[in-house]
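**Student:** Listed here are the chains, written in short residue letters.
Number of protein chains: 6
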Amino acid sequence: MSMIDRVLTAIDKVSAPTMIHAHCDLPCGVYDPAQARLEAQSVKACQEKHNASDDHDFQTRAITIKEERADLVKHHLWVLWTDYFKPEHLKAHPQLHELFWKATKSAGEAKKTNDESVGQRLIDEIDEIAGIFWETKK
Amino acid sequence: MSMIDRVLTAIDKVSAPTMIHAHCDLPCGVYDPAQARLEAQSVKACQEKHNASDDHDFQTRAITIKEERADLVKHHLWVLWTDYFKPEHLKAHPQLHELFWKATKSAGEAKKTNDESVGQRLIDEIDEIAGIFWETKK
Amino acid sequence: MSMIDRVLTAIDKVSAPTMIHAHCDLPCGVYDPAQARLEAQSVKACQEKHNASDDHDFQTRAITIKEERADLVKHHLWVLWTDYFKPEHLKAHPQLHELFWKATKSAGEAKKTNDESVGQRLIDEIDEIAGIFWETKK
Amino acid sequence: MSMIDRVLTAIDKVSAPTMIHAHCDLPCGVYDPAQARLEAQSVKACQEKHNASDDHDFQTRAITIKEERADLVKHHLWVLWTDYFKPEHLKAHPQLHELFWKATKSAGEAKKTNDESVGQRLIDEIDEIAGIFWETKK
Amino acid sequence: MSMIDRVLTAIDKVSAPTMIHAHCDLPCGVYDPAQARLEAQSVKACQEKHNASDDHDFQTRAITIKEERADLVKHHLWVLWTDYFKPEHLKAHPQLHELFWKATKSAGEAKKTNDESVGQRLIDEIDEIAGIFWETKK
Amino acid sequence: MSMIDRVLTAIDKVSAPTMIHAHCDLPCGVYDPAQARLEAQSVKACQEKHNASDDHDFQTRAITIKEERADLVKHHLWVLWTDYFKPEHLKAHPQLHELFWKATKSAGEAKKTNDESVGQRLIDEIDEIAGIFWETKK
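Respectively, the protein sequence lines represent chains A, B, C, D, E and F. Using the working numbering, the first residue of the first sequence is number 1, and each one after it goes up by one. Using the working numbering, the first residue of the second sequence is number 1, and each one after it goes up by one. Using the working numbering, the first residue of the third sequence is number 1, and each one after it goes up by one. Using the working numbering, the first residue of the fourth sequence is number 1, and each one after it goes up by one. Using the working numbering, the first residue of the fifth sequence is number 1, and each one after it goes up by one. Using the working numbering, the first residue of the sixth sequence is number 1, and each one after it goes up by one.
Don't take each hint at face value.
A pair holds if it fits inside one copy or across any two, identical chains being indistinguishable in the list.
Unchecked claim - Cut-off 25 Å, straight-line C-alpha distance, at most; resulting in silico cross-link-like pairs (BS3-like, lysine-lysine):
#1 K105 / K86
#2 K86 / K111
#3 K137 / K91
#4 K138 / K86
Quick caveat, the hints were computed from the structure, so don't treat them as lab data.
The following block holds chain A by itself, in its conformation from the complex (with noise of 0.2 Å):
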C-alpha cells in the first residue's frame, strides 16, 4: 500500500462514527465543547497515524500538524473557560478552573508525546468539561 494510500486509509479511520458530545440531546448555542473535542481527536488521530507508520516525512507532518491542533484545543478551551462561565458556573462547580487547567496542559503534553493515551486522556478532559457545560445549559 503506497504512502498516499495509507494516508486517506488513516484518515477513513479518523472519520469512524464516535460520539461527540456526553449526551445527545441539546448540542445547542456558539459556545459549544465539541469545537475542542474535534481538534483534540484530530491530536489523538495524529498520534495514532504517527505510530502506525514508518515514513519519516509523514511522520515529521504528522508531529507539525499535531502541534497545531493541540493549539487549537487549548484556544477553544480557554475561550470556553473565560468567556463562557460565570461566577455562578464557578460556584457550582468550583472544579472547574482546574479541570481547564489540567485539560490545557494535557494538550500540551499531547505536543511532545505520540503517546496516544495522552491524546485519549485529553479527550476525556474534555468531555468532563462538556459534561458541566452542558448541566449549566439546562
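Position chains B, C, D, E and F against the provided structure of chain A, taking the given hints into account.
**Tutor:** Just chains B, C, D, E and F, lined up with the frame of chain A:
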C-alpha cells in the same frame, strides 16, 4: 440597562438551545459540518445583536466580528468540500459543488448585510450540506 | 492639527515612560508577563485615543485595534497560566487560577467598553500576576 | 558547499524566469491567479529542494514550509472560486467547479508527497484556471 | 441601486485592467513584487469605495479591510527587503533601504486616511521597488 | 531521564535569569524591543535544545517552533523599524537601516541552522537596536 449588560444579555440569547445537527444519531469524526455551523450561528447572532442595538461602537464590533466569523464559515466549508468529499460522493450527490459554492457565497454576502435572513439562509445551506455529509457516513 | 498629526501625537503620548515590571531586578527568561503587559498598555491607549477623538473613522480603527490587542493579552496570559505555572506554584499561590480568570475576563470586558478604568484594571491585574511570576523566579 | 550555501543556491534557482501568466497582455485587478500561482511555484520548489538535499533538518523545513505554502494555494484558489467567479462565468465555463476542486485537491496531495510532478500538475491546473480567468476579463 | 449592488459594482471597477509589472517580459520566481502590489491596489480600492459610499456600515468594513490589506502590503515588502535583496543588490541600488522604509510607512499612513493619493503613492513606491527588483533579475 | 522530563528541564534552563533590557531605568511605552528579544531568546533556546537532544521527533519540533519564533522576531523588528523610528531618529542614528536589515537577516539565517552562535548574534543585534531605541526615549 448598560451597554455591557446588553451585550451579556445578547450573548445569553445566542446560547439558547438550537440543534447543531439536522439529525442527532451520529455526530462523528474529525470532519464535522458543526464547525461551519457554529460560526454561521455566530454570524447570524452578530446580525441580530447589531440590529437590536443603537450603540455605534457596539455596532462596529458586531460588523467586524461578523466579518471574521463569516471567514471561518468559508474556511470550514472549503476544507469540507476539498478535503472530505471524494469523487464517489460527487457521483452520488452531484449537487455538491453548487451547494458549497452557494453556501460560501452566502457567507460572503452575510458580511455585506445585517439582514438576518441571509444569516439564516447560510445556516440552512450548511444544514443541507450536513445532511449529505452524514448520509455519506452511514 | 490634522488627524494624522493627532494620531502621531497620541502615539508619542502612549510611549511615555512607564515601568513594565513591578520590580526591575530580574526580568528574565522566555516566559515574561511583559508580553501581556505591553498589549494591555496598547488596549488602554486605544481607549484613551478613542475618547480623545471625535473623528468617526479614527474611532472605528481604535475599536478594532483594541479588539485585536485584547485578544493578544488573553493569549499571552493563557500561555503563562497553562504553560509556565506548575502545581508547586499553585500550592504556594492558590489565588493564581482566580487571578488569571479575572484578568482574561477584564481583557474581554475592555473590548466592550472605552472606559479607561477597565484598561487600567487589566494592567493592574497583570502586574499582580507579574509579581507572583517574579516571586517564583527567585 | 555548506548547507546555507545550498539553500541560497536553491533559492536562486527557484527565482529563475518562468512566466506567471499564460498570456501577458492583461494582468489586472485585485483578483489575480498569480497569487495562487506564486505559492504553487513555492510548493514545487520545496519538493525539488527536499529531493536535492540529504540534510535531515533541511528536509524537515522543506516539508513544513511546503505544508504552509500549499495551504496558501488552497486559500487563494478558494477565494477566486467563491468571490470572483459569478453565475454567468459558470454558464460560459461549466468546468470551473471541477477544475477548482481538482486543483485544491492537488494542493492537498502536494503536501503528502515530494513527487515534483504533483507540484507541476498543481501549477498546470492553476494555469488552466488563469486562462479562463483572463478570458472573463476581456 | 442597493448596497450589495454598489459593492459588486465597485468590485468590478477595482478589477479594471491595470498593469501589474512595470514591464511584462520577465515576471518570474517565487519572490514577486506583484504580491505587495495586489494588496496595495486593494488598499486604494478600499479608500475609493469608502469615499464613494455614505453607508455607515459599509464604511466600517472598508476601513477594517483596508487595515488588513495594508498589513499584507507591509508584510510582503518586508519579506522582499529582508529575504530577497542581498548585499550586492544594495551596492548597486543604495536607495533600497530608504525606498522600502518609505513604502512600508506609506502603507501605515494609508491605514490612517482615506485620501486616495496616499494609496496611489503606495502603489507608485512599490512600482519603483519592482523596477529595481526586475533589474536585478536580468 | 524521559523525553518529557528532558523538555521540562530544558524549559527551566531557558527561564534562567538574563537581562531583557541593556539598561533597566526606562522600559516604557507600547513599542519595546523586548518583544523581539524574547522571541530571539526562544530561537536560541530551540537551537540549544535541538543540539542537546538525540530524539528525532523532539528535534523536528525544535526546528518547526524555531521557524515560527524567528518569524515573530522578524515581525517585531520590522514593526519597530517602520512604525516606531522616524526620520529624525535616522538622522541621529544613520546605521539603523543596516542594523535592522542585518538583524532580520540573522533571524532568517537562524531558521536554517542550529548553530547557537547565530541565535546569539541575533540577540546581540537586537540589543544594539534596543540601545538606540532607549537612547531616543531619553
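**Student:** Confirm or reject each hint.
**Tutor:** To see whether the hints hold, each was checked on the structure:
1. K105 / K86: both (22 Å within a copy, 10 Å between copies)
2. K86 / K111: between (30 Å within a copy, 17 Å between copies)
3. K137 / K91: within (15 Å within a copy, 32 Å between copies)
4. K138 / K86: Classified as within: same-chain Cα gap 15 Å, cross-chain 34 Å, threshold 25 Å.
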